[in-house]
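J.: Here's the letter readout for the chains.
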Amino acid sequence: MRWKARVEITLKKVINDPQGATVENALNTMDYKSVERVRVGKYLELYLAGLSEYEAGHQVEEMCQKLLANPVIEEYSFTLEPLVENKITE
Amino acid sequence: MKFGVVVFPGSNCDVDVYYLLRDVLEGDVEYIWHKESELHRFDAIILPGGFSYGDYLRPGAIARFSPVMQSLQDFVEKGKLVLGICNGFQILAEAEMLPGAFCRNTHLQFRCSYVYLKVENTNLPFTREVGTGQLLQMPVANADGNYYVDEVQLKNMHQNGQVVFRYVDKWGENSPAANPSGALANIAGVCNKRGNVLGMMPHPERAADTLLGSEDGLLIFDSMLKYLAAGKG
Numbered sequence: 000m001r002w003k004a005r006v007e008i009t010l011k012k013v014i015n016d017p018q019g020a021t022v023e024n025a026l027n028t029m030d031y032k033s034v035e036r037v038r039v040g041k042y043l044e045l046y047l048a049g050l051s052e053y054e055a056g057h058q059v060e061e062m063c064q065k066l067l068a069n070p071v072i073e074e075y076s077f078t079l080e081p082l083v084e085n086k087i088t089e
Numbered sequence: 000m001k002f003g004v005v006v007f008p009g010s011n012c013d014v015d016v017y018y019l020l021r022d023v024l025e026g027d028v029e030y031i032w033h034k035e036s037e038l039h040r041f042d043a044i045i046l047p048g049g050f051s052y053g054d055y056l057r058p059g060a061i062a063r064f065s066p067v068m069q070s071l072q073d074f075v076e077k078g079k080l081v082l083g084i085c086n087g088f089q090i091l092a093e094a095e096m097l098p099g100a101f102c103r104n105t106h107l108q109f110r111c112s113y114v115y116l117k118v119e120n121t122n123l124p125f126t127r128e129v130g131t132g133q134l135l136q137m138p139v140a141n142a143d144g145n146y147y148v149d150e151v152q153l154k155n156m157h158q159n160g161q162v163v164f165r166y167v168d169k170w171g172e173n174s175p176a177a178n179p180s181g182a183l184a185n186i187a188g189v190c191n192k193r194g195n196v197l198g199m200m201p202h203p204e205r206a207a208d209t210l211l212g213s214e215d216g217l218l219i220f221d222s223m224l225k226y227l228a229a230g231k232g
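These protein sequence lines are chains A and B, in that order.
With the first letter of the first sequence counted as 1, position 21 gets the number 20 in numbering that gives the first Met the number 0; the numbers rise by one all the way through.
With the first letter of the second sequence counted as 1, position 228 gets the number 227 in numbering that gives the first Met the number 0; the numbers rise by one all the way through.
Treat the hints as calculated values from the structure; they're not laboratory data.
For each residue, glycine too, the CB sits at the ideal point set by N, CA and C.
Be a bit skeptical, because a hint or two may be false.
[Unchecked claim] The calculated lysine-lysine pairs, modelled on DSSO-like cross-linking and capped at a C-alpha distance of 30 Å, are:
| hint | chain 1 | residue 1 | chain 2 | residue 2 |
| --- | --- | --- | --- | --- |
| 1 | A | Lys65 | A | Lys32 |
| 2 | A | Lys65 | B | Lys34 |
| 3 | A | Lys12 | B | Lys77 |
| 4 | A | Lys12 | B | Lys34 |
| 5 | B | Lys117 | B | Lys169 |
| 6 | B | Lys77 | B | Lys192 |
| 7 | A | Lys65 | B | Lys154 |
| 8 | A | Lys65 | B | Lys77 |
[Unchecked claim] Negatives, chain B to chain A, calculated, CB over 12 Å:
| hint | residue |
| --- | --- |
| 9 | Asp27 |
| 10 | Leu56 |
| 11 | Asn104 |
| 12 | Ser112 |
| 13 | Asn145 |
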């Protein structure tokens, strides 16, 4: 099976996010008064082949722990989506 | 005694450190390509500053998986000396050889400026030549020098003397204005519990000649040389 993993990495809530604060301030200045808080994070797409759903989930989890996120300052979450064989969709 | 300077793709302070050790201090020094894993011939290893792997993902995140880093772990366990400067510090933190992690500077700028450092632990192989109460002046140059560690660990680090350098003003006061990055508790450098691995964001190799504005950085390398000469390495 082929899988598309969408990984989201954000700073932990206790970590100051100056980029988020700057974007939040810009949006407020643009009169989007509804915006209470902005957090800037990272988004990664991983295309995996030859794994069951369980194996894919297990591997992505491991990749997040080892490399993609730093547990001291970041949190991560991901979703898996099956892909049609031999076709990488956007 | 032999020094090694690790070169990752994207290191850019490697030549400065090499020049300092070979030409200024007339020491024995060799470059170590990051794919190398044989480190037995070295007494001390320096991870220089720069942008290893373009700082992609997070500074130091990819470099920490280079083959040299695996061997460096054994090197450290033998009690040998490792100094990480700027990106080198970030790599050591990513490799969990030093506590903490780095965030983007609170002002979101790349900051290149001279800072004053207070040395909180002068008993280390890296700081033993620093006089009591002596402030060191040297430059920082980074966009991700905003050091963070959680409260519990910070408390342990204080108890173990692991907070080595703090940003201070020229009167030695620990003020927010003296902090170039927003680093927690003005922390500029930390060591491991054993005291043989030091990471620092400021660049001692850029402050090793009066022509460059300061020679305070020499004290770090002098300390290492004298420690090794005394046979403690």
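J.: All hints, please: hold or fail.
T.: The hints, checked one at a time:
Taken as a hint, the A/Lys65 and A/Lys32 pair is broken in the structure, with Cα atoms around 39 Å apart against an allowance of 30 Å. With a C-alpha separation of about 20 Å, the suggested pair A/Lys65 and B/Lys34 falls inside the 30 Å cut-off, and the hint holds. Taking the CA atoms of A/Lys12 and B/Lys77, the gap is about 38 Å. The hint is violated against a cut of 30 Å. Between A/Lys12 and B/Lys34 the CA atoms are separated by roughly 37 Å; this puts the pair beyond 30 Å, and the hint is violated.
At roughly 10 Å between alpha-carbon atoms, B/Lys117 and B/Lys169 fall within 30 Å of each other, so this suggested pair holds. Taking the CA atoms of B/Lys77 and B/Lys192, the gap is near 14 Å; set against the 30 Å cutoff, the hint holds. The hinted pair formed by A/Lys65 and B/Lys154 meets the criterion: a straight-line CA distance of about 26 Å does not exceed 30 Å. A distance of roughly 25 Å separates the Cα atoms of A/Lys65 and B/Lys77; the hinted pair therefore holds under the 30 Å criterion.
Every Cβ of chain A is farther than 12 Å from the Cβ of B/Asp27; the closest lies at roughly 35 Å, confirming the non-interface assignment. Some Cβ of chain A comes within 12 Å of the Cβ of B/Leu56; the nearest lies about 7 Å off, and the non-interface call is violated. Not every Cβ of chain A is farther than 12 Å from the Cβ of B/Asn104; the closest lies at roughly 8 Å, contradicting the non-interface assignment. Every Cβ of chain A is farther than 12 Å from the Cβ of B/Ser112; the closest lies at roughly 18 Å, confirming the non-interface assignment.
At the 12 Å boundary, the C-beta of B/Asn145 falls inside the reach of chain A, the nearest C-beta of that chain being 8 Å off.
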